[in-house]
Amino acid sequence: DVKVTQSSRYLVKRTGEKVFLECVQDMDHENMFWYRQDPGLGLRLIYFSYDVKMKEKGDIPEGYSVSREKKERFSLILESASTNQTSMYLCASRPPGLAGSSSYNEQFFGPGTRLTVL
Amino acid sequence: AQSVAQPEDQVNVAEGNPLTVKCTYSVSGNPYLFWYVQYPNRGLQFLLKYITGDNLVKGSYGFEAEFNKSQTSFHLKKPSALVSDSALYFCAGTSFSARQLTFGSGTQLTVLP
Numbered sequence: 006d007v008k009v010t011q012s013s014r015y016l017v018k019r020t021g022e023k024v025f026l027e028c029v030q031d032m033d034h035e036n037m038f039w040y041r042q043d044p045g046l047g048l049r050l051i052y053f054s055y056d057v058k059m060k061e062k063g064d065i066p067e068g069y070s071v072s073r074e075k076k077e078r079f080s081l082i083l084e085s086a087s088t089n090q091t092s093m094y095l096c097a098s099r100p101p102g103l104a105g106s107s108s109y110n111e112q113f114f115g116p117g118t119r120l121t122v123l
Numbered sequence: 022a023q024s025v026a027q028p029e030d031q032v033n034v035a036e037g038n039p040l041t042v043k044c045t046y047s048v049s050g051n052p053y054l055f056w057y058v059q060y061p062n063r064g065l066q067f068l069l070k071y072i073t074g075d076n077l078v079k080g081s082y083g084f085e086a087e088f089n090k091s092q093t094s095f096h097l098k099k100p101s102a103l104v105s106d107s108a109l110y111f112c113a114g115t116s117f118s119a120r121q122l123t124f125g126s127g128t129q130l131t132v133l134p
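Chains as they are written, first to last, in this note's numbering: chain A, 6 to 123; chain B, 22 to 134.
If you are wondering where the hints come from, they were derived from the structure by calculation, not from laboratory data.
Misleading hints may appear alongside valid ones.
[Said to hold, decoys possible] Derived lysine-lysine pairs resembling DSSO-like cross-links, with alpha carbons at most 27 Å apart:
(1) B/K70 x A/K8
(2) A/K60 x A/K8
(3) A/K76 x A/K23
(4) A/K75 x A/K23
(5) A/K76 x B/K43
(6) B/K98 x A/K62
(7) B/K98 x B/K70
(8) B/K70 x A/K60
(9) B/K70 x B/K43
(10) B/K90 x A/K8
(11) A/K75 x A/K62
[What the hints assert, rightly or not] Computed Cβ-Cβ distance ranges for the label pairs, DEER-style:
(12) A/E67 x B/S47: 39 to 45 Å
(13) A/L123 x B/N62: 34 to 40 Å
(14) A/R49 x B/D75: 29 to 35 Å
(15) B/T73 x A/D56: 22 to 28 Å
(16) A/G21 x B/N51: 42 to 48 Å
(17) B/S47 x A/G21: 35 to 41 Å
(18) B/E29 x A/E61: 30 to 36 Å
(19) A/E84 x B/N33: 21 to 27 Å
(20) B/L103 x A/P100: 29 to 35 Å
(21) A/D31 x B/E87: 32 to 38 Å
(22) B/N51 x A/S13: 46 to 52 Å
(23) A/T121 x B/T41: 34 to 40 Å
(24) A/E22 x B/S49: 38 to 44 Å
(25) A/T91 x B/S49: 21 to 27 Å
[Stated by the list, open to error] Only some residues are given here: those of chain A computed to face chain B with a beta carbon under 10 Å:
(26) S12
(27) G21
(28) F25
(29) E27
(30) V57
(31) K60
(32) Y69
(33) S92
(34) C96
(35) P101
Positions of the beta carbon are idealized from the N, C-alpha and C atoms, including for glycine.
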């Protein structure tokens, strides 16, 4: 079974702190994603990466950055945490496969990190 | 821009009755559509997907979904609901030209004993 792990289930930080959220997957997936989940808004994509050292902005990248130095690890960084970044953060990975073929695969999600910024 | 809509925030159904969770989509070209389920304090679990082929897709835990191109819908269904089906359900979609999955806002399903 694919396993996606996230470094913390619950995290409490103070405004202005630098926050690191770590995600590790064990199935050699090229694609990795960071989402935030807020009630009534569903999941919104922050950043994604389709290869080591590659990253692309999602729908809401402001206030965030990412790092992917190794294939299995994708880190989300809040440079200066703010209260409006209090949320559930979900990491996901997806096996390779081009859209347009029957091999377009689903994403596998970690358990999430509930971040509270005070 | 692509979008996915789940028009119902909450669906209540009695145990043993059929359930439907609605989803409509707007994508360019042929859609790739997914359903995920989230139990409390957990990540999302994949239920089923439509890529191509039969309009009726069967998935995990007895769920199925019907792709309707003319109505741009992908409703999730189950013939007989269980209390354990109570969870938050997300529809998601993308297309060949898009590089990311777009999620709906989620529907909280409650199955009443």
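Hint check:
1. B/K70 x A/K8: holds (20 Å)
2. A/K60 x A/K8: Holds. A/K60 to A/K8 sits at ~22 Å (cutoff 27 Å).
3. A/K76 x A/K23: Distance of about 23 Å is within 27 Å: holds.
4. A/K75 x A/K23: Holds, at roughly 21 Å.
5. A/K76 x B/K43: Roughly 36 Å between the alpha carbons, so the hint for A/K76 and B/K43 is violated.
6. B/K98 x A/K62: violated (34 Å)
7. B/K98 x B/K70: Between B/K98 and B/K70 the Cα gap is close to 13 Å, so the pair holds against 27 Å.
8. B/K70 x A/K60: holds (26 Å)
9. B/K70 x B/K43: holds (15 Å)
10. B/K90 x A/K8: Not OK: B/K90 and A/K8 at ~34 Å, beyond 27 Å, violated.
11. A/K75 x A/K62: holds (19 Å)
12. A/E67 x B/S47: 39 to 45 Å: violated (25 Å)
13. A/L123 x B/N62: 34 to 40 Å: Roughly 21 Å apart at Cβ, these two residues miss the hinted range, so it is violated.
14. A/R49 x B/D75: 29 to 35 Å: Check passed, 31 Å falls within 29 to 35 Å.
15. B/T73 x A/D56: 22 to 28 Å: holds (27 Å)
16. A/G21 x B/N51: 42 to 48 Å: holds (46 Å)
17. B/S47 x A/G21: 35 to 41 Å: Since B/S47 and A/G21 have Cβ atoms about 40 Å apart, the given range 35 to 41 Å holds.
18. B/E29 x A/E61: 30 to 36 Å: Holds: the Cβ-Cβ distance is about 32 Å, inside 30 to 36 Å.
19. A/E84 x B/N33: 21 to 27 Å: violated (43 Å)
20. B/L103 x A/P100: 29 to 35 Å: holds (30 Å)
21. A/D31 x B/E87: 32 to 38 Å: Once the Cβ atoms are compared, 35 Å apart, the range 32 to 38 Å for B/E87 and A/D31 holds.
22. B/N51 x A/S13: 46 to 52 Å: violated (39 Å)
23. A/T121 x B/T41: 34 to 40 Å: Since the Cβ atoms of A/T121 and B/T41 sit about 36 Å apart, the hinted range of 34 to 40 Å holds.
24. A/E22 x B/S49: 38 to 44 Å: holds (41 Å)
25. A/T91 x B/S49: 21 to 27 Å: violated (34 Å)
26. S12: violated (14 Å)
27. G21: violated (28 Å)
28. F25: violated (19 Å)
29. E27: Since chain B brings no Cβ nearer than about 15 Å to A/E27, farther than 10 Å, the hint is violated.
30. V57: At 17 Å from the nearest chain B Cβ, A/V57 fails the 10 Å test, so the hint is violated.
31. K60: violated (12 Å)
32. Y69: It is violated, given that the least Cβ distance between A/Y69 and chain B is near 15 Å, above 10 Å.
33. S92: For A/S92, the interface hint is violated, since the closest Cβ of chain B sits about 14 Å away, which is over 10 Å.
34. C96: This hint holds: A/C96 lies near chain B, its Cβ roughly 8 Å from the closest one there, short of 10 Å.
35. P101: Violated - the Cβ of A/P101 stays beyond 10 Å from chain B, reaching only about 13 Å at its closest.
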